[in-house]
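With the hints as extra help, turn the sequences into a complete structure.
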Amino acid sequence: MEARKILLIEDNPEMRENTAEILELASYEVITARNGKEGVQQAAHHHPDLIICDIMMPELDGYGVLHMLGKDERTASIPFIFLTAKAEKEDYRKGMTMGADDYLTKPYDDVELLNAVEMRLKKSDRLKKQFERSADGFDQFIKEAQAFDPIVKLAEDKKVKVLRKKETIYTEGSFPSHVFFLQKGKVKAYKSNENGKEYITDLLKEGEFFGYLDLLQGAPYEETAIALEVSEVAMIPKDDFFNLLQGNREVASKFIRMLSNEIKDREERLLQLAYNSVRKRVAQALVMLVQRYQEDRSKPFSMAVTREDIASMVGTATETVIRTLSDFKDERLVDMKGSHITVLEYEKLARMRN
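Everything in the sequence shown is counted per my numbering, starting at 1 for the first residue and increasing by one.
Everything labelled a hint here was simulated from the structure, so no lab data went into it.
These numbers were taken from a predicted model, which means no experiment stands behind them.
There could be a bad hint or two in this list.
Just the calculated beta-carbon pair ranges, DEER-fashion [claimed, not checked]:
id : residue 1 : residue 2 : range
1  : 5         : 329       : 28 to 36 Å
2  : 308       : 329       : 14 to 22 Å
3  : 217       : 13        : 40 to 48 Å
4  : 115       : 175       : 39 to 47 Å
5  : 229       : 26        : 14 to 22 Å
6  : 229       : 111       : 39 to 47 Å
In silico DSS-like cross-links for lysine-lysine, where the CA-CA straight-line distance does not exceed 27 Å [stated by the list, open to error]:
id : residue 1 : residue 2
7  : 280       : 191
8  : 205       : 348
9  : 197       : 238
10 : 123       : 165
Backbone N, C-alpha and C fix where the C-beta goes; we use that ideal spot for every residue, glycine too.
If you want it as C-alpha coordinates, here you go:
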(Lines of atoms letter the chains of each structure in order from A and count residues from 1; the text may use other names and numbers.)
(Lines give C-alpha, C1' and ligand atoms only; values in the text may rest on other atoms or scores of the structure.)
Protein backbone atom coordinates (compact mmCIF):
# COMPACT_ATOMS: atom_id res chain seq x y z
CA MET A 1 0.00 0.00 0.00
CA GLU A 2 1.33 3.44 -0.96
CA ALA A 3 2.55 5.54 1.97
CA ARG A 4 0.42 8.54 2.93
CA LYS A 5 2.11 11.82 2.10
CA ILE A 6 2.48 14.50 4.79
CA LEU A 7 3.80 18.04 4.29
CA LEU A 8 5.54 19.44 7.39
CA ILE A 9 6.06 23.23 7.44
CA GLU A 10 8.32 24.24 10.34
CA ASP A 11 11.04 26.92 10.53
CA ASN A 12 12.82 25.43 13.56
CA PRO A 13 15.38 22.91 12.15
CA GLU A 14 15.49 20.71 15.25
CA MET A 15 11.70 20.57 15.61
CA ARG A 16 11.34 19.93 11.87
CA GLU A 17 13.81 17.03 11.89
CA ASN A 18 12.42 15.43 15.06
CA THR A 19 8.81 15.60 13.87
CA ALA A 20 9.73 14.29 10.41
CA GLU A 21 11.60 11.38 11.99
CA ILE A 22 8.59 10.38 14.12
CA LEU A 23 6.31 10.45 11.07
CA GLU A 24 8.76 8.49 8.89
CA LEU A 25 9.11 5.82 11.59
CA ALA A 26 5.31 5.48 11.39
CA SER A 27 5.65 4.77 7.64
CA TYR A 28 4.48 8.14 6.37
CA GLU A 29 6.19 9.84 3.43
CA VAL A 30 7.29 13.26 4.71
CA ILE A 31 7.96 16.39 2.67
CA THR A 32 9.44 19.29 4.63
CA ALA A 33 9.40 23.04 4.11
CA ARG A 34 11.46 25.60 6.02
CA ASN A 35 8.96 28.46 5.83
CA GLY A 36 5.43 29.35 4.84
CA LYS A 37 6.15 30.44 1.26
CA GLU A 38 8.06 27.24 0.55
CA GLY A 39 5.24 25.26 2.18
CA VAL A 40 2.59 26.74 -0.12
CA GLN A 41 4.73 25.86 -3.16
CA GLN A 42 5.30 22.31 -1.90
CA ALA A 43 1.58 21.81 -1.26
CA ALA A 44 0.68 22.86 -4.81
CA HIS A 45 3.38 20.63 -6.29
CA HIS A 46 3.01 17.45 -4.19
CA HIS A 47 -0.73 17.47 -3.22
CA PRO A 48 -0.11 15.87 0.21
CA ASP A 49 -2.74 13.92 2.13
CA LEU A 50 -2.19 16.09 5.22
CA ILE A 51 -0.40 19.32 6.14
CA ILE A 52 1.20 20.02 9.52
CA CYS A 53 2.18 23.66 9.88
CA ASP A 54 3.79 25.85 12.52
CA ILE A 55 2.03 29.16 13.23
CA MET A 56 4.86 31.48 14.23
CA MET A 57 7.14 31.70 11.17
CA PRO A 58 8.89 34.61 9.41
CA GLU A 59 7.75 35.92 5.99
CA LEU A 60 4.48 33.98 5.88
CA ASP A 61 3.02 32.63 9.12
CA GLY A 62 0.74 29.61 9.51
CA TYR A 63 -2.43 31.67 9.19
CA GLY A 64 -1.14 33.06 5.91
CA VAL A 65 -0.34 29.55 4.69
CA LEU A 66 -3.85 28.35 5.49
CA HIS A 67 -5.35 31.40 3.76
CA MET A 68 -3.26 30.88 0.60
CA LEU A 69 -4.07 27.16 0.42
CA GLY A 70 -7.77 27.89 0.86
CA LYS A 71 -7.78 30.07 -2.27
CA ASP A 72 -6.56 27.19 -4.46
CA GLU A 73 -9.16 24.51 -5.23
CA ARG A 74 -6.40 21.88 -5.48
CA THR A 75 -5.27 22.45 -1.89
CA ALA A 76 -8.34 23.92 -0.15
CA SER A 77 -9.64 20.60 1.16
CA ILE A 78 -6.34 19.10 2.40
CA PRO A 79 -6.61 18.34 6.16
CA PHE A 80 -4.58 20.90 8.12
CA ILE A 81 -3.05 20.68 11.61
CA PHE A 82 -1.52 23.72 13.31
CA LEU A 83 1.58 23.51 15.53
CA THR A 84 2.24 26.24 18.06
CA ALA A 85 4.20 26.89 21.22
CA LYS A 86 1.43 29.19 22.42
CA ALA A 87 -1.56 27.72 24.21
CA GLU A 88 -3.79 30.80 24.37
CA LYS A 89 -7.43 30.18 23.51
CA GLU A 90 -7.42 33.17 21.12
CA ASP A 91 -4.90 31.41 18.86
CA TYR A 92 -6.92 28.21 18.96
CA ARG A 93 -10.14 29.97 18.02
CA LYS A 94 -8.51 31.96 15.22
CA GLY A 95 -6.98 28.85 13.66
CA MET A 96 -10.17 26.81 13.81
CA THR A 97 -12.27 29.70 12.52
CA MET A 98 -10.01 29.95 9.48
CA GLY A 99 -10.59 26.28 8.71
CA ALA A 100 -7.84 24.33 10.49
CA ASP A 101 -8.83 20.76 11.33
CA ASP A 102 -6.76 20.32 14.49
CA TYR A 103 -4.28 22.00 16.79
CA LEU A 104 -1.20 20.63 18.58
CA THR A 105 0.57 22.62 21.27
CA LYS A 106 4.35 22.28 21.65
CA PRO A 107 5.86 20.37 23.27
CA TYR A 108 3.92 17.28 22.17
CA ASP A 109 4.99 13.65 22.34
CA ASP A 110 5.03 11.13 19.50
CA VAL A 111 1.74 9.51 20.58
CA GLU A 112 -0.14 12.84 20.51
CA LEU A 113 1.27 13.63 17.08
CA LEU A 114 0.52 10.25 15.53
CA ASN A 115 -2.98 10.08 17.03
CA ALA A 116 -3.85 13.51 15.59
CA VAL A 117 -2.48 12.56 12.18
CA GLU A 118 -4.26 9.21 12.06
CA MET A 119 -7.60 10.68 13.17
CA ARG A 120 -7.50 13.47 10.57
CA LEU A 121 -6.56 11.11 7.75
CA LYS A 122 -9.33 8.66 8.65
CA LYS A 123 -11.97 11.39 8.77
CA SER A 124 -10.74 12.84 5.51
CA ASP A 125 -10.99 9.43 3.85
CA ARG A 126 -14.58 9.05 5.01
CA LEU A 127 -15.67 12.32 3.42
CA LYS A 128 -13.84 11.51 0.18
CA LYS A 129 -15.94 8.41 -0.38
CA GLN A 130 -18.25 8.48 -3.34
CA PHE A 131 -21.65 8.62 -1.70
CA GLU A 132 -24.63 7.34 -3.61
CA ARG A 133 -26.86 10.24 -4.65
CA SER A 134 -29.99 8.90 -3.01
CA ALA A 135 -31.84 9.20 0.29
CA ASP A 136 -29.66 6.46 1.81
CA GLY A 137 -26.53 8.08 0.40
CA PHE A 138 -27.56 11.44 1.86
CA ASP A 139 -28.00 9.92 5.30
CA GLN A 140 -24.58 8.27 4.99
CA PHE A 141 -23.00 11.57 3.92
CA ILE A 142 -24.47 13.36 6.94
CA LYS A 143 -23.38 10.61 9.36
CA GLU A 144 -19.82 10.76 8.04
CA ALA A 145 -19.78 14.56 8.21
CA GLN A 146 -21.02 14.44 11.80
CA ALA A 147 -17.79 12.72 12.82
CA PHE A 148 -16.01 16.03 12.20
CA ASP A 149 -18.13 18.12 14.51
CA PRO A 150 -20.41 16.82 17.27
CA ILE A 151 -22.57 19.96 17.22
CA VAL A 152 -23.84 19.05 13.76
CA LYS A 153 -27.15 17.27 14.21
CA LEU A 154 -28.40 17.15 10.65
CA ALA A 155 -29.43 13.51 10.72
CA GLU A 156 -31.58 13.99 13.81
CA ASP A 157 -33.07 17.34 12.80
CA LYS A 158 -33.80 16.47 9.21
CA LYS A 159 -37.50 16.71 8.38
CA VAL A 160 -38.95 15.13 5.26
CA LYS A 161 -41.89 16.82 3.57
CA VAL A 162 -44.09 14.96 1.08
CA LEU A 163 -45.22 17.31 -1.68
CA ARG A 164 -48.15 17.01 -4.04
CA LYS A 165 -47.74 17.80 -7.73
CA LYS A 166 -47.51 21.60 -8.23
CA GLU A 167 -47.07 22.20 -4.48
CA THR A 168 -44.74 25.11 -3.66
CA ILE A 169 -41.53 24.54 -1.68
CA TYR A 170 -40.48 28.20 -1.42
CA THR A 171 -41.43 31.41 -3.21
CA GLU A 172 -39.50 34.22 -4.84
CA GLY A 173 -38.95 37.07 -2.38
CA SER A 174 -39.26 34.97 0.79
CA PHE A 175 -36.29 34.59 3.13
CA PRO A 176 -34.40 31.25 3.27
CA SER A 177 -34.60 29.22 6.46
CA HIS A 178 -33.58 25.79 5.09
CA VAL A 179 -31.45 24.00 2.55
CA PHE A 180 -33.35 21.30 0.66
CA PHE A 181 -32.39 17.83 -0.55
CA LEU A 182 -34.62 16.11 -3.11
CA GLN A 183 -35.07 12.49 -2.05
CA LYS A 184 -37.77 11.52 -4.53
CA GLY A 185 -39.49 13.15 -7.46
CA LYS A 186 -38.78 16.17 -9.68
CA VAL A 187 -38.73 19.89 -8.90
CA LYS A 188 -38.57 23.00 -11.06
CA ALA A 189 -37.24 26.42 -10.07
CA TYR A 190 -38.42 29.50 -11.96
CA LYS A 191 -38.38 33.29 -11.95
CA SER A 192 -41.29 35.58 -12.81
CA ASN A 193 -41.15 38.96 -14.52
CA GLU A 194 -43.37 41.95 -13.71
CA ASN A 195 -46.06 40.56 -16.01
CA GLY A 196 -46.09 37.19 -14.23
CA LYS A 197 -44.38 35.36 -17.10
CA GLU A 198 -42.27 32.43 -15.89
CA TYR A 199 -38.73 31.46 -16.89
CA ILE A 200 -37.52 28.06 -15.61
CA THR A 201 -34.02 28.45 -14.19
CA ASP A 202 -33.40 24.87 -13.06
CA LEU A 203 -34.75 21.33 -13.12
CA LEU A 204 -33.87 19.22 -10.09
CA LYS A 205 -33.71 15.45 -9.77
CA GLU A 206 -33.36 12.95 -6.95
CA GLY A 207 -30.11 13.28 -5.01
CA GLU A 208 -29.61 17.04 -5.45
CA PHE A 209 -29.35 19.91 -2.97
CA PHE A 210 -31.13 23.16 -3.77
CA GLY A 211 -32.07 26.46 -2.17
CA TYR A 212 -28.56 27.05 -0.81
CA LEU A 213 -27.46 29.79 -3.21
CA ASP A 214 -29.64 32.53 -1.69
CA LEU A 215 -29.00 31.19 1.81
CA LEU A 216 -25.24 31.61 1.30
CA GLN A 217 -25.78 35.13 -0.02
CA GLY A 218 -28.03 36.05 2.90
CA ALA A 219 -30.64 37.32 0.44
CA PRO A 220 -34.31 36.53 -0.32
CA TYR A 221 -35.02 33.73 -2.78
CA GLU A 222 -34.66 34.94 -6.36
CA GLU A 223 -36.86 32.14 -7.68
CA THR A 224 -39.78 29.89 -6.78
CA ALA A 225 -39.47 26.09 -6.40
CA ILE A 226 -42.41 23.79 -7.16
CA ALA A 227 -42.80 20.02 -7.32
CA LEU A 228 -43.34 18.71 -10.86
CA GLU A 229 -44.74 15.46 -9.47
CA VAL A 230 -45.30 13.84 -6.07
CA SER A 231 -41.95 14.40 -4.34
CA GLU A 232 -40.14 13.99 -1.02
CA VAL A 233 -37.86 16.79 0.16
CA ALA A 234 -35.54 16.76 3.19
CA MET A 235 -35.43 20.14 4.94
CA ILE A 236 -32.13 21.07 6.62
CA PRO A 237 -32.25 24.03 9.07
CA LYS A 238 -29.91 26.83 8.00
CA ASP A 239 -28.04 26.90 11.33
CA ASP A 240 -27.16 23.21 10.98
CA PHE A 241 -26.12 23.76 7.37
CA PHE A 242 -23.78 26.62 8.32
CA ASN A 243 -22.35 24.61 11.23
CA LEU A 244 -21.51 21.84 8.76
CA LEU A 245 -19.86 24.24 6.30
CA GLN A 246 -17.89 26.05 8.99
CA GLY A 247 -16.86 22.86 10.73
CA ASN A 248 -15.16 21.19 7.78
CA ARG A 249 -13.34 22.62 4.78
CA GLU A 250 -13.92 19.53 2.64
CA VAL A 251 -17.69 19.85 2.94
CA ALA A 252 -17.42 23.59 2.23
CA SER A 253 -15.30 22.87 -0.87
CA LYS A 254 -17.95 20.41 -2.10
CA PHE A 255 -20.65 23.08 -1.98
CA ILE A 256 -18.34 25.68 -3.54
CA ARG A 257 -17.79 23.34 -6.50
CA MET A 258 -21.54 22.70 -6.76
CA LEU A 259 -22.13 26.45 -6.67
CA SER A 260 -19.51 27.09 -9.39
CA ASN A 261 -21.03 24.44 -11.67
CA GLU A 262 -24.53 25.82 -11.12
CA ILE A 263 -23.47 29.37 -12.04
CA LYS A 264 -21.60 28.12 -15.12
CA ASP A 265 -24.61 26.09 -16.32
CA ARG A 266 -26.93 29.07 -15.91
CA GLU A 267 -24.58 31.39 -17.81
CA GLU A 268 -24.45 28.95 -20.72
CA ARG A 269 -28.25 28.65 -20.80
CA LEU A 270 -28.67 32.43 -20.78
CA LEU A 271 -26.28 32.76 -23.73
CA GLN A 272 -28.24 30.15 -25.66
CA LEU A 273 -31.48 31.91 -24.79
CA ALA A 274 -30.10 35.19 -26.12
CA TYR A 275 -28.55 33.98 -29.37
CA ASN A 276 -30.18 30.70 -30.47
CA SER A 277 -33.27 30.34 -32.63
CA VAL A 278 -36.52 29.05 -31.11
CA ARG A 279 -36.00 25.70 -32.84
CA LYS A 280 -32.56 25.32 -31.24
CA ARG A 281 -33.87 26.42 -27.85
CA VAL A 282 -36.71 23.88 -27.89
CA ALA A 283 -34.18 21.20 -28.86
CA GLN A 284 -31.99 22.35 -25.95
CA ALA A 285 -34.94 22.11 -23.52
CA LEU A 286 -35.67 18.52 -24.59
CA VAL A 287 -31.98 17.59 -24.36
CA MET A 288 -31.85 19.10 -20.87
CA LEU A 289 -34.81 16.99 -19.76
CA VAL A 290 -33.09 13.83 -21.00
CA GLN A 291 -29.78 14.77 -19.37
CA ARG A 292 -31.42 15.56 -16.06
CA TYR A 293 -33.72 12.57 -15.74
CA GLN A 294 -32.31 9.62 -17.68
CA GLU A 295 -28.92 7.93 -17.41
CA ASP A 296 -29.11 5.84 -20.60
CA ARG A 297 -29.28 8.29 -23.52
CA SER A 298 -29.58 5.49 -26.09
CA LYS A 299 -33.17 4.69 -25.04
CA PRO A 300 -36.26 6.83 -25.74
CA PHE A 301 -37.07 9.20 -22.90
CA SER A 302 -40.65 9.93 -21.90
CA MET A 303 -41.97 12.47 -19.41
CA ALA A 304 -45.23 14.25 -18.65
CA VAL A 305 -44.40 17.93 -19.10
CA THR A 306 -46.70 20.83 -19.94
CA ARG A 307 -46.11 22.94 -23.03
CA GLU A 308 -46.19 25.95 -20.70
CA ASP A 309 -43.18 24.56 -18.77
CA ILE A 310 -41.23 24.03 -21.99
CA ALA A 311 -42.12 27.57 -23.04
CA SER A 312 -40.79 28.77 -19.66
CA MET A 313 -37.53 26.93 -20.29
CA VAL A 314 -37.22 28.29 -23.82
CA GLY A 315 -38.36 31.85 -23.17
CA THR A 316 -41.04 32.03 -25.83
CA ALA A 317 -44.81 31.76 -26.27
CA THR A 318 -46.59 28.47 -25.60
CA GLU A 319 -48.09 28.54 -29.10
CA THR A 320 -44.61 28.77 -30.63
CA VAL A 321 -43.47 25.74 -28.60
CA ILE A 322 -46.51 23.75 -29.74
CA ARG A 323 -45.74 24.50 -33.41
CA THR A 324 -42.06 23.58 -32.98
CA LEU A 325 -42.88 20.33 -31.20
CA SER A 326 -45.32 19.50 -33.98
CA ASP A 327 -42.49 19.99 -36.49
CA PHE A 328 -40.25 17.72 -34.39
CA LYS A 329 -42.97 15.08 -34.38
CA ASP A 330 -43.28 15.24 -38.17
CA GLU A 331 -39.50 14.77 -38.37
CA ARG A 332 -39.78 11.74 -36.03
CA LEU A 333 -37.56 13.36 -33.44
CA VAL A 334 -40.26 13.14 -30.76
CA ASP A 335 -43.63 11.56 -30.16
CA MET A 336 -46.49 13.11 -28.18
CA LYS A 337 -49.50 11.62 -26.42
CA GLY A 338 -51.40 14.04 -24.26
CA SER A 339 -48.99 15.72 -21.84
CA HIS A 340 -46.32 13.02 -22.40
CA ILE A 341 -43.44 13.84 -24.70
CA THR A 342 -41.14 11.02 -25.82
CA VAL A 343 -37.71 11.94 -27.14
CA LEU A 344 -36.92 9.45 -29.93
CA GLU A 345 -33.73 10.97 -31.36
CA TYR A 346 -31.65 12.42 -28.54
CA GLU A 347 -28.42 12.66 -30.57
CA LYS A 348 -30.06 14.55 -33.43
CA LEU A 349 -31.61 17.04 -31.02
CA ALA A 350 -28.27 17.44 -29.24
CA ARG A 351 -26.54 18.23 -32.54
CA MET A 352 -29.31 20.63 -33.52
CA ARG A 353 -28.76 22.92 -30.51
CA ASN A 354 -25.13 23.65 -31.49
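Cβ separation of residue 308 and residue 329, checked against the hinted range 14 to 22 Å: 18 Å, holds
Distance restraint hint 40 to 48 Å, applied to the beta-carbon atoms of residue 217 and residue 13: For residue 13 against residue 217, whose Cβ atoms are near 47 Å apart, the range 40 to 48 Å holds.
Given pair status - residue 165, residue 123, alpha carbons within 27 Å: Between residue 123 and residue 165 the Cα gap is close to 40 Å, so the pair fails against 27 Å, i.e. violated.
Distance restraint between residue 280 and residue 191, which requires alpha-carbon spacing of 27 Å or less: Within the cut-off at roughly 22 Å; holds.
Residue 197 paired with residue 238 [C-alpha distance capped at 27 Å]: 30 Å, violated
Holds or violated: residue 205 to residue 348, with C-alpha atoms at most 27 Å apart: OK: residue 205 and residue 348 at ~24 Å, within 27 Å.
Verdict for residue 229, residue 111 (Cβ pair) under range 39 to 47 Å: Violated - the Cβ-Cβ distance for residue 229 and residue 111, about 56 Å, lies outside 39 to 47 Å.
Range hint 14 to 22 Å (beta carbons of residue 229 and residue 26) holds or violated: With a Cβ separation near 54 Å, residue 229 and residue 26 fall outside 14 to 22 Å, so the hint is violated.
Distance restraint hint 39 to 47 Å, applied to the beta-carbon atoms of residue 115 and residue 175: Hint holds: Cβ distance 44 Å, inside 39 to 47 Å.
Status of the given 28 to 36 Å range, CB of residue 329 versus CB of residue 5: 58 Å, violated
Of the hints listed earlier, those the structure fails to meet are numbers 1, 5, 6, 9 and 10, in rising order.
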